[in-house]
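**Student:** The primary structure of each chain is shown beneath.
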Amino acid sequence: MKKSLLLFFLLFCWAIGNAGAQERIRVGLGSISLQSGLVHIAIDRGLFAKYGLFTESVYIPGGSTNVQVLVSGSLDVSQLSGAPGVAANLEGADLVYFLGLLDKLNYQLVTRPEVKSVEQLKGRKFAVSRFASSADFGMRALLKRLGVEPVKEATILQIGDEPPVSRR
Amino acid sequence: VTSGNVDGTVVNAPFSSEAERLKLNVIADSVKMNIQFFNTGMLGSKRYMDKQDAKVMNFLRAYLEAIKILKTERDYSIKAILTTWR
Chain A
583 MKKSLLLFFL LFCWAIGNAG AQERIRVGLG SISLQSGLVH IAIDRGLFAK YGLFTESVYI
643 PGGSTNVQVL VSGSLDVSQL SGAPGVAANL EGADLVYFLG LLDKLNYQLV TRPEVKSVEQ
703 LKGRKFAVSR FASSADFGMR ALLKRLGVEP VKEATILQIG DEPPVSRR
Chain B
1382 VTSGNVDGTV VNAPFSSEAE RLKLNVIADS VKMNIQFFNT GMLGSKRYMD KQDAKVMNFL
1442 RAYLEAIKIL KTERDYSIKA ILTTWR
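Line by line, the protein sequences give chains A and B.
Numbers given in our numbering equal positions in the first sequence, counted from 1, plus 582.
Numbers given in our numbering equal positions in the second sequence, counted from 1, plus 1381.
In short, the hints are calculated from the structure, not lab data.
As the structure is a prediction and not an experimental result, all values here were calculated from the model.
Incorrect hints may appear among the rest.
As the list claims (entries may be wrong) - Estimated spans, in silico, between C-beta atoms of each pair:
{"hint": "1", "chain 1": "B", "residue 1": "1441", "chain 2": "A", "residue 2": "699", "range": "42 to 48 Å"}
{"hint": "2", "chain 1": "B", "residue 1": "1428", "chain 2": "A", "residue 2": "707", "range": "26 to 32 Å"}
{"hint": "3", "chain 1": "B", "residue 1": "1434", "chain 2": "A", "residue 2": "696", "range": "51 to 57 Å"}
{"hint": "4", "chain 1": "A", "residue 1": "728", "chain 2": "B", "residue 2": "1441", "range": "25 to 31 Å"}
{"hint": "5", "chain 1": "A", "residue 1": "696", "chain 2": "B", "residue 2": "1428", "range": "51 to 57 Å"}
{"hint": "6", "chain 1": "A", "residue 1": "696", "chain 2": "B", "residue 2": "1448", "range": "37 to 43 Å"}
{"hint": "7", "chain 1": "B", "residue 1": "1432", "chain 2": "A", "residue 2": "650", "range": "18 to 24 Å"}
{"hint": "8", "chain 1": "A", "residue 1": "701", "chain 2": "B", "residue 2": "1385", "range": "18 to 24 Å"}
To be verified - Chain A is faced by these chain B residues, among others (derived, beta-carbon under 7 Å):
{"hint": "9", "residue": "1388"}
{"hint": "10", "residue": "1389"}
{"hint": "11", "residue": "1390"}
{"hint": "12", "residue": "1394"}
{"hint": "13", "residue": "1398"}
{"hint": "14", "residue": "1404"}
{"hint": "15", "residue": "1408"}
{"hint": "16", "residue": "1412"}
{"hint": "17", "residue": "1416"}
{"hint": "18", "residue": "1419"}
{"hint": "19", "residue": "1440"}
{"hint": "20", "residue": "1442"}
{"hint": "21", "residue": "1459"}
{"hint": "22", "residue": "1465"}
{"hint": "23", "residue": "1466"}
To be verified - Chain A residues, not near chain B, derived (Cβ > 10 Å throughout):
{"hint": "24", "residue": "646"}
{"hint": "25", "residue": "650"}
{"hint": "26", "residue": "672"}
{"hint": "27", "residue": "712"}
{"hint": "28", "residue": "731"}
{"hint": "29", "residue": "734"}
Here a beta-carbon is modelled for each residue, glycine too, at the ideal position from N, C-alpha and C.
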């Protein structure tokens, strides 16, 4: 009985010691996307734990808001497009991108059922999450490529972000 | 867009099947148009990188293994991502 208790105590101490050995890292996710799923795959498959990390992922919609939290020190790293970090650095932040995943814009322009062609885009109202976001950049880039001058020939409205539904 | 308050928006690709379900039209796809853009990256403060370089390296190791899983285990990856964001 005493041996069992001693063994249990030693195992308990070992478990506590191991849990404490994991270093915490707080990761901000700026959008609901395939790329942000990578953090969750790494958590689900125990990859961070394998390298001694305990990772907390936080969904903070919008690059500019995410960068503010990052600069405040409430996040350690964030997964974002290039625009918010560059904009923050131009204002004096000291942010560094240490990983790049995609070097192409990957947005699709979707429209109501009655808007079926490029020719019908002029004079229409389009929504983005926030001005100066990557969605805003994507919208303007797409419209220009399609021959529609943003602001002059189409209205762009900011309507807010995707709902915060991340489970972790 | 579905309520009719605006005529269109941009969404992360691929959205075609969801657009079809919602009876929306995909007018343009920036991936096919090959528009260069620093789309997604990982960033932190230089101060944090300097102080916690070992931790960041371990984070990258785990992250790169997750990329490998995403590329090689399609069914699992789709299920994991859908479960997370649903």
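**Student:** The structure should be examined with respect to each hint, and the outcome stated for every one.
**Tutor:** Now the hints, each set against the structure:
no.	hint	in the structure
1	B/1441 <-> A/699: 42 to 48 Å	44 Å, holds
2	B/1428 <-> A/707: 26 to 32 Å	43 Å, violated
3	B/1434 <-> A/696: 51 to 57 Å	55 Å, holds
4	A/728 <-> B/1441: 25 to 31 Å	38 Å, violated
5	A/696 <-> B/1428: 51 to 57 Å	52 Å, holds
6	A/696 <-> B/1448: 37 to 43 Å	40 Å, holds
7	B/1432 <-> A/650: 18 to 24 Å	21 Å, holds
8	A/701 <-> B/1385: 18 to 24 Å	20 Å, holds
9	1388	4 Å, holds
10	1389	4 Å, holds
11	1390	4 Å, holds
12	1394	5 Å, holds
13	1398	11 Å, violated
14	1404	5 Å, holds
15	1408	5 Å, holds
16	1412	5 Å, holds
17	1416	4 Å, holds
18	1419	3 Å, holds
19	1440	6 Å, holds
20	1442	5 Å, holds
21	1459	9 Å, violated
22	1465	4 Å, holds
23	1466	5 Å, holds
24	646	13 Å, holds
25	650	12 Å, holds
26	672	14 Å, holds
27	712	12 Å, holds
28	731	15 Å, holds
29	734	16 Å, holds
Hint check: violations occur at hints 2, 4, 13, 21; the rest are consistent with the structure.
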